[in-house]
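Peer 1: Listed here are the chains, written in short residue letters.
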Amino acid sequence: MSKYILISLVFLVAVFLSIIIGPAELTTDILQLRISRVILGVFAGGILAFCGGILQGLFGNPLVEPYTLGSASGAALGGSVGMLLFGTISPLFAFLGALGVGFFVFTIARIEGGLLRDRLILAGVVMSFLCSSLVMVIMVLGGRELYEILYLLMGYLGVVITSANRAMIIAMIVVSGILLIYLYRYYRELDIISQGMETAAGLGIDIQKLSVIIFLTTALLIGITVSIVGAIGFVGLIVPHISKLIFGPKHLKNLPGSFLLGATFLLLADTIARVITVYELPVGVVTSLVGVPFFIYLYRKK
Amino acid sequence: MNIIETRDISFSYNTKKVLTNVSLFLKQGEFLGIIGPNGAGKSTILRLICGILKPKHGIITISGHETRGIERKQLAKKIAFVPQETHFALNFTIEEIVMMGRFPYLRAFQRENKIDYEARDHALAYTDIQEFRKRPINSLSSGERQRVVLARALAQEPAILILDEPTSHLDLHHQFAIMELLKKLNKEGMSIITVNHDLNLASLYCERLVLLHQGKVFEQGSPKDLITEKIMKQVYQTEVKVIRHPHKDVPHILLNPKGE
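As you go down the protein sequences, you meet chains A and B in turn.
Under our numbering, the first residue of the first sequence carries the number 1, and numbering increases by one thereafter.
Under our numbering, the first residue of the second sequence carries the number 303, and numbering increases by one thereafter.
Think of the hints as simulated: they come from the structure by calculation, not from any bench.
Values in this document were obtained by computation on a predicted structure and should not be read as measured data.
Incorrect hints may appear among the rest.
No more than 30 Å apart at the CA atoms, straight line, and that leaves these computed lysine-lysine pairs for DSS-like [what the hints assert, rightly or not]:
no., chain 1, residue 1, chain 2, residue 2
1, A, K301, A, K250
2, B, K375, A, K253
3, A, K250, B, K489
4, B, K436, A, K301
5, A, K253, B, K436
6, B, K526, A, K253
7, B, K532, B, K416
8, B, K329, B, K526
9, B, K550, B, K375
10, B, K329, A, K250
11, A, K209, B, K526
12, B, K318, B, K535
13, B, K550, A, K3
14, A, K209, A, K253
15, B, K486, B, K436
16, B, K375, A, K209
17, A, K3, B, K416
18, A, K209, B, K319
19, B, K436, A, K250
20, B, K485, B, K518
21, B, K532, B, K319
22, B, K356, A, K209
23, B, K358, B, K518
24, B, K375, B, K416
25, B, K329, B, K358
26, B, K379, A, K209
27, B, K379, B, K489
28, B, K543, B, K518
29, B, K358, B, K375
30, B, K416, A, K253
31, B, K535, B, K550
32, B, K375, B, K356
33, A, K209, B, K489
34, B, K532, B, K543
35, B, K560, B, K329
36, B, K436, B, K485
37, B, K532, B, K560
38, B, K416, A, K250
Okay, chain A solo, but in the shape it has when bound (with noise of 0.2 Å):
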């Protein structure tokens, strides 16, 4: 319990810095745009946290999270098309994006009997550069600039929350916290999945409906995330990691420390991404700075 109090304190010192630090003066307006940011940061890179330490506790794998498995990117190309076709990135279009590329991903990984854990890596980032490019296709064709593109791809929580789209987004908000709970819930079943398969499927777990599950629901969270922000990398990678070194292999702890500390991550590397050049950098920028050497480094200990 006091390791929540800690990484609470760590994670309010995340909060504070990110509304007061940056280039311009905080005046009310100023201040309102860093809170949503806050908001948007908590939103993000709690989910992206959280879904990544679902998904490597289903697969066993250490690598893998929405960005890897190139899911993310899938929200994102479905976004653009949605954007193509109605002038704006519904939730809707990134969900079925995340829904189609994931499925292909495990398709190609796929053997009999189970799933290539390094295949579902490289088919998962080869497909992110597929969508990644196509994105661009799709948004040049429908006259976006540059930065949209590029803000897209690699996240942004400069999005202001106004009164246009603020019931919007806290539907949003709401939708994702009722998903997160709903795949909480399968806390003892991921412990178990941990011990393989067999052990899994003899203590009465359906692998298979337990799947499907949390594949469709990690994908409309990716989904509704990417909508928002555009796809951020290697927060759903790195932090699930650093939650087990702190909370321990209990999902049932670890998955709400994997969302405290994904917000916290993310609001940092936000922090970051705006003061560090005089330009503001689109977030992805710093997560993947962070993220890649990281892994290296899992794929090279495993």
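Here the structure of chain A is known, so what remains is to put chain B in place on it, guided by the hints.
Peer 2: Then chain B, alone, in the frame of chain A:
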């Protein structure tokens, strides 16, 4: 009474037929061994009985009820399965792993209650791993880990224990310890099915054997009936010498190295 019965079970992985019309039974309180060469379908029949796989044809019943109609978690309260190999991807402590055996009894977000803790502690004591209970699993030897897996199965409080080569990676001491534990459990009423590659262990500990060969039941009966020089030659294509165990009235296999 037959606690488990399979009737005309057939199963194939994609196009590869693994089992053809396998009918076998397990009597209440019996210690049954399934033997046979590699690829005979031994592990597959165990997985079918536990409900991990579904048969393409045929019926499996437990205490007269078809397993098909029993919910997975309910089945896991009656049958516990010890897989051949368990990987421990996350470094849980021993008592956490044994508590996972209570999964079939718990709903999501339900806290473990007194009964669950008692079942866990009983399983820890029975398998004699109490002293390790707080230790992480990765600090244990493979023999000790096998006890942990067995303890987790016992925490399920099953009526039937199904084990896939429980002694295959163990040294002599741990092989003996595990088999003696199973014997003790069986004496206290547990019905047991075990797949065993070590025919001498099977002969010593199992009351009855089923010999699978090429996906079919080749023969079933007592170790004395099955473990004969003739059958070993037929099924394993190996010339062996079968003698009587010096202290027990069961057959014991000896190999003859070539050219001597």
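Peer 1: Hints first: check each against the structure and report whether it holds.
Peer 2: Results of checking the hints against the structure:
1. A:K301 / A:K250: holds, 21 Å
2. B:K375 / A:K253: The hint holds at about 24 Å.
3. A:K250 / B:K489: violated, 36 Å
4. B:K436 / A:K301: Given that 30 Å is the threshold and the Cα spacing comes to 26 Å, the pair holds.
5. A:K253 / B:K436: Answer holds: K253 (chain A) to K436 (chain B) is near 18 Å, not above 30 Å.
6. B:K526 / A:K253: Roughly 54 Å separates the two Cα atoms, so the pair is violated.
7. B:K532 / B:K416: It is violated: about 55 Å lies between the C-alpha atoms, which goes past 30 Å.
8. B:K329 / B:K526: It holds: about 19 Å lies between the C-alpha atoms, which stays within 30 Å.
9. B:K550 / B:K375: violated, 40 Å
10. B:K329 / A:K250: violated, 39 Å
11. A:K209 / B:K526: violated, 45 Å
12. B:K318 / B:K535: Holds - the C-alpha atoms of K535 (chain B) and K318 (chain B) are around 26 Å apart, at most 30 Å.
13. B:K550 / A:K3: violated, 59 Å
14. A:K209 / A:K253: Holds, at about 24 Å.
15. B:K486 / B:K436: OK: K486 (chain B) and K436 (chain B) at ~26 Å, within 30 Å.
16. B:K375 / A:K209: holds, 14 Å
17. A:K3 / B:K416: holds, 27 Å
18. A:K209 / B:K319: Cα-Cα ~26 Å, so holds.
19. B:K436 / A:K250: holds, 14 Å
20. B:K485 / B:K518: holds, 27 Å
21. B:K532 / B:K319: holds, 27 Å
22. B:K356 / A:K209: holds, 15 Å
23. B:K358 / B:K518: holds, 15 Å
24. B:K375 / B:K416: holds, 20 Å
25. B:K329 / B:K358: holds, 24 Å
26. B:K379 / A:K209: It holds: about 20 Å lies between the C-alpha atoms, which stays within 30 Å.
27. B:K379 / B:K489: holds, 20 Å
28. B:K543 / B:K518: It holds: about 25 Å lies between the C-alpha atoms, which stays within 30 Å.
29. B:K358 / B:K375: Between K358 (chain B) and K375 (chain B) the Cα gap is close to 22 Å, so the pair holds against 30 Å.
30. B:K416 / A:K253: holds, 21 Å
31. B:K535 / B:K550: Between K535 (chain B) and K550 (chain B) the Cα gap is close to 24 Å, so the pair holds against 30 Å.
32. B:K375 / B:K356: holds, 15 Å
33. A:K209 / B:K489: violated, 38 Å
34. B:K532 / B:K543: holds, 10 Å
35. B:K560 / B:K329: violated, 41 Å
36. B:K436 / B:K485: It holds: about 27 Å lies between the C-alpha atoms, which stays within 30 Å.
37. B:K532 / B:K560: holds, 18 Å
38. B:K416 / A:K250: holds, 20 Å
Hint compliance for this structure: hints 3, 6, 7, 9, 10, 11, 13, 33 and 35 are broken, all remaining hints hold.
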